[in-house]
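Engineer: With these hints in hand, go ahead and build the complete structure from the sequences.
Quick mapping for you: the protein sequence lines, in order, are chains A and B.
Residue numbering for the first sequence follows the numbering used here, starting at 294 and increasing by one per position.
Residue numbering for the second sequence follows the numbering used here, starting at 294 and increasing by one per position.
You may find that some hints are simply not true.
Pairs involving identical chains hold if they fit within one copy or between any two copies, as the list cannot separate such chains.
[As the list claims (entries may be wrong)] Okay, derived cross-link-like pairs now, DSSO-like style, lysine-lysine, Cα gap no bigger than 30 Å in a straight line:
id	residue 1	residue 2
1	433	373
2	386	433
3	366	433
4	373	386
5	295	386
Hints listed in this document are in silico derivations from the structure and should not be mistaken for laboratory results.
2 protein chains.
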Amino acid sequence: MKAWVNGQESMLINLTDRGLHYGDGVFETMLVTMGKIAMWPQHLARLQEGCRRLNINLGLEDILRQRDMILNKVTTGVLKLMVTRGISGRGYKISGDESPSLIWTHYELPDYPAAFFLEGVDTHVCRTMVSRNPALAGIKHLNRLENVLARQEWQTEYQEGLMCDEFGNIIEGTMSNFFAFKNNILVTPDLTAAGVSGIMRQHILDIARQKGITTEIRDIPIAELDTIDGAMLTNCLIGAWPVRSIDHRRYPIQPFCQSLQAHVATGRQ
Amino acid sequence: MKAWVNGQESMLINLTDRGLHYGDGVFETMLVTMGKIAMWPQHLARLQEGCRRLNINLGLEDILRQRDMILNKVTTGVLKLMVTRGISGRGYKISGDESPSLIWTHYELPDYPAAFFLEGVDTHVCRTMVSRNPALAGIKHLNRLENVLARQEWQTEYQEGLMCDEFGNIIEGTMSNFFAFKNNILVTPDLTAAGVSGIMRQHILDIARQKGITTEIRDIPIAELDTIDGAMLTNCLIGAWPVRSIDHRRYPIQPFCQSLQAHVATGRQ
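Structural biologist: This is the structure in structure tokens:
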């Protein structure tokens, strides 16, 4: 594993960084293949939107220069970029003049079995809720304790857990977005109050629309899992995984899913 | 400012620490006077409870040894202790064998004017909500973006902001707990779904009960701010501040508040 802080190779950061104290920042997890970051413009746009909403002064030039430097050393794998508000004294108050910390880490590609992609995955509806707050919904911020707790609910019997909000609507997976197929319509949860607006989620929605598939963004109550025809999970590393089961419910792979899979780059390619 | 990581004086931590990546940890902010940590048993108990709920293996001996070492060097001020799950690879999943990071930072006492304590403070009801999640409610975890956002809603015109949940109930201040006085009853918000269960909040409740004051822990809808007789904010550094105003509403200082103030140690003593 390699890491860079503000352009310098380092495994250490200043412990007064607000990323540590408050989770005061955002991040992106990106797929690198053949020396390029897949879907870079979309990752950058979400990072900028997250910083705008948190009022973090993200410098575009710094990011681009550091990205180019790192892509000279890294040609494949996973690149994670955290942008925190930077260092400060004690307390929630900011001056507005903080200088963001850009923290890049490089990891090997995860070694998911091909069967997850081809035959689907088994999933579980988590007891741990995802909380609702429109001020944080959609952005990929560093406050991820709910995901950490949800991921502790199983060991190896599932490949992913689904998380609901307080009202019992499916919002997302712990590390992925959720799609359901129902009556030839591709449905994905509304994320205006909770959840992370995934790059791959938007990409899949765009492709589906281009292919003439009807899409819906709306609440999906847990009870509706009994009446959907199939489901799919997406993120920028897995691409799209068919869902084979959600707890006791079993689903066939949808032709929709296979046809969408052909359009996404994944870590396994 | 001084800092120690796992007992060694340092200003740096490993950037793979899950405290940075996910806010995967808890913290305490403690008042040090005359070489002692005020209310140490209560801080330790909350820290242990937080670690238990997050499934972090906190070693009591390490904490006590590091505390004693630091109290040999620090006799007054603010001591903040963060306990994170420690370092790990990428992803929410934990092995369960992670070794927690104990990160201590020492700061000067905040220089709040005596008038805040004696004459009360002006406050504001924030637009930024505190989110509801029973899995995280009560503990002082490191996912504090909501507090950071709420604190950006004012500069110097207020001394504190009050935060409500999605249903419009007052939960707490950005850095304090909230008490209302109404019909000779001391009321404080129920924190089973949101908020931090303050050490000073519990101490005030205990003292009030010893003094024969009736206490209630229940929801306080925003609308009720128009019918309360007075209010108070508490934390371990400020002790108890009377609330002089909440936006346009003005309140007299309650004799209750003054009599409770006499029983709490604060940074100004």
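Engineer: Each of the hints needs a verdict: does it hold here or not?
Structural biologist: These are the hints, each one checked on the structure:
no., hint, in the structure
1, 433 - 373, "both (12 Å within a copy, 27 Å between copies)"
2, 386 - 433, "both (22 Å within a copy, 18 Å between copies)"
3, 366 - 433, "within (26 Å within a copy, 40 Å between copies)"
4, 373 - 386, "both (27 Å within a copy, 16 Å between copies)"
5, 295 - 386, "between (32 Å within a copy, 20 Å between copies)"
In summary, this structure violates none of the numbered hints.
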